[in-house]
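**Student:** The chain contents come next:
Protein chains: 2
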Amino acid sequence: MTEKKLLQVLDGARTETPPVWMMRQAGRYLPEYRELRRRAENFLDFCYTPPLAVEAALQPLRRYDFSAAILFSDILVVPDALGQRVWFEEGAGPKLDPVGRSDPLAGLGLDNFHQHLGNVYEAVSWLRARLPADVALIGFAGAPWTVAAYMAEGGSSRDYADVRGWAYNDSEKFQALIDLLVEATAAYLIRQVDAGAEVLQLFDSWAGLLSEAQFRRWSVDPARRIVEAVKAAHPHIPVIGFPRGAGVLYADYAGGTGIDAVSLDASVPLGWAAEHLQSQTVVQGNLDNLLLAAGGEALDEEVGRIVEAFAGGPHIFNLGHGIIPATPPEHVGRVVDLVTRA
Amino acid sequence: MTEKKLLQVLDGARTETPPVWMMRQAGRYLPEYRELRRRAENFLDFCYTPPLAVEAALQPLRRYDFSAAILFSDILVVPDALGQRVWFEEGAGPKLDPVGRSDPLAGLGLDNFHQHLGNVYEAVSWLRARLPADVALIGFAGAPWTVAAYMAEGGSSRDYADVRGWAYNDSEKFQALIDLLVEATAAYLIRQVDAGAEVLQLFDSWAGLLSEAQFRRWSVDPARRIVEAVKAAHPHIPVIGFPRGAGVLYADYAGGTGIDAVSLDASVPLGWAAEHLQSQTVVQGNLDNLLLAAGGEALDEEVGRIVEAFAGGPHIFNLGHGIIPATPPEHVGRVVDLVTRA
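If you read the sequences in order, they're chains Y and U. The opening residue of the first sequence carries number 1 in this note's numbering; numbering runs sequentially from there. The opening residue of the second sequence carries number 1 in this note's numbering; numbering runs sequentially from there.
Treat each hint with caution, since some may be false.
[Said to hold, decoys possible] Examples of chain Y residues toward chain U, derived with CB under 10 Å:
1. Ala-246
2. Gly-258
3. Ile-324
Simulated from the structure, these hints should not be mistaken for lab results. This one's a predicted model, so the numbers in the text were calculated from it and none came from an experiment. Yeah, the Cβ is synthetic: ideal placement off N, Cα and C, and Gly gets one too.
Make the full structure from the sequences, and use the hints.
**Tutor:** What follows is the structure in structure tokens.
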């Protein structure tokens, strides 16, 4: 059997304590990351430079006893590789030349896709070769709805009203964009597994903005098709889905996508998740990232509450959302200690 | 028995078709509102001028067969009346001088509170006197968590991470701010009922950002205390709560606040709400405001689906969030027709 606790749990085994990793465990809260980041001018170049991306992913493992490393990259490498112009402005987040509403696929295509992402696959291979024997490697991608939201709005937005309106006004054209992203994302994830990824996570960060019917169409259905395609190529690869903010619809997602685990945001109540989600799938989560940043007794208590609530079934300890830059690194260590001590 | 269908349903009666009103039914999507709005330079002045606020609230009733009018105002009149500086910048939303973290109550107090809000109470009286006999008058306030979020951040924010962090880091001081808001909000709502409001709605727009424990502390508990205080003064006044984005925690809110109805955002699945919420309370909602803006066959179908899903219990037809400015007014009329025809 594998020494990797994360894979054990995803394979249905029970472990004495849950595996633990944290979204954005590599990143700006670590001084060594901020130092490393200076070696590339822009963020996409950083992601596309294997020695830098690999080093960033390894940094947290030198500090903490995490059960997994995750590829250091960004979900917007997919539109970048499809031919859309993507750039990052300091402090302003990602920017994209928004896709046209009348012909959203203009200028986009899969022709140079894998070539463009070659360095990402290389980073996956390098990272896999450098991991301790008990640490699993997670590859990832953005889910089509979330990536399409950035592609349509040209960046972040408060409520993505523009793209949500478009999806209603011209659902056929929006469907065409989603279909392209389903194909690209599946191909991207398959290549990550080819290169050495042992688990995949699909981030649907803006799933919570969708109404029930739209959630089924733009979040559940694309995830199902991606899982199907990935599993056709790699039948045993576990896939974690993160439809952030899905609320009650987490149950539809867990039941309707064929996913192996659902990652829970901090608003999902533990008792409900244990009863309605953990009964059918592995649950991952869901410590509030702002409580992690705050620390103190309340943090210790909440870690205990989460571990206990999910002790009756398969559980991967994680946050409800990524580590924020203001987080004191020692808080991360404290949580890992609490989770991993028997 | 009252002719007002909204009051009938809130009183437990069955009606042939559900009462219907829409959040932001008065506002920028109406050309006559945009015309009227020019008569005051800034938005708070507009709210504080009874002839303007009353006219704004009446405008949609001349077009549509709504079951209710809602006071035309803003949730930030409460911090304004407590002594915080609040202003609105065209296109940038509300701005406030953020409260200090070390002494959040500095400069705030109830001394001039009702005097400052006198024109709002006057607008309520005027409006009540001008309503058709079958139209109910809804008063409203922002919930303490949501208002505190604006007060602490100094305006809108993408994820209110700053105030959420503060609530963890110094929960005692944050509690003091919430306590002041509980007191002020209850007093404000009681005066609105004194002036003629027949139903109250409490808007907790940012409730969905809270973790389970924080939701109970900052959303459910303050709402419970406000409902208790309001009902001590006006035992029969119905209160609608809107913890937007609460997901599974809607059930906790419905069960834990003493509220008479819950307003559902568009992400709440109809089947779940009918089973878990409508069994214990009145439900209000939850058409996607972006589908209302888009219109077409999909809009008609969704209206039918919502009416049917909630036909087995008490239901107030509404949106999941306010009408957006780009909404064609005829779409609103279409929905009201669909809902009100037997």
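**Student:** Work down the list of hints and note, for each, if the structure agrees.
**Tutor:** Verification of the hints:
no.	hint	result
1	Ala-246	holds, 7 Å
2	Gly-258	violated, 20 Å
3	Ile-324	holds, 7 Å
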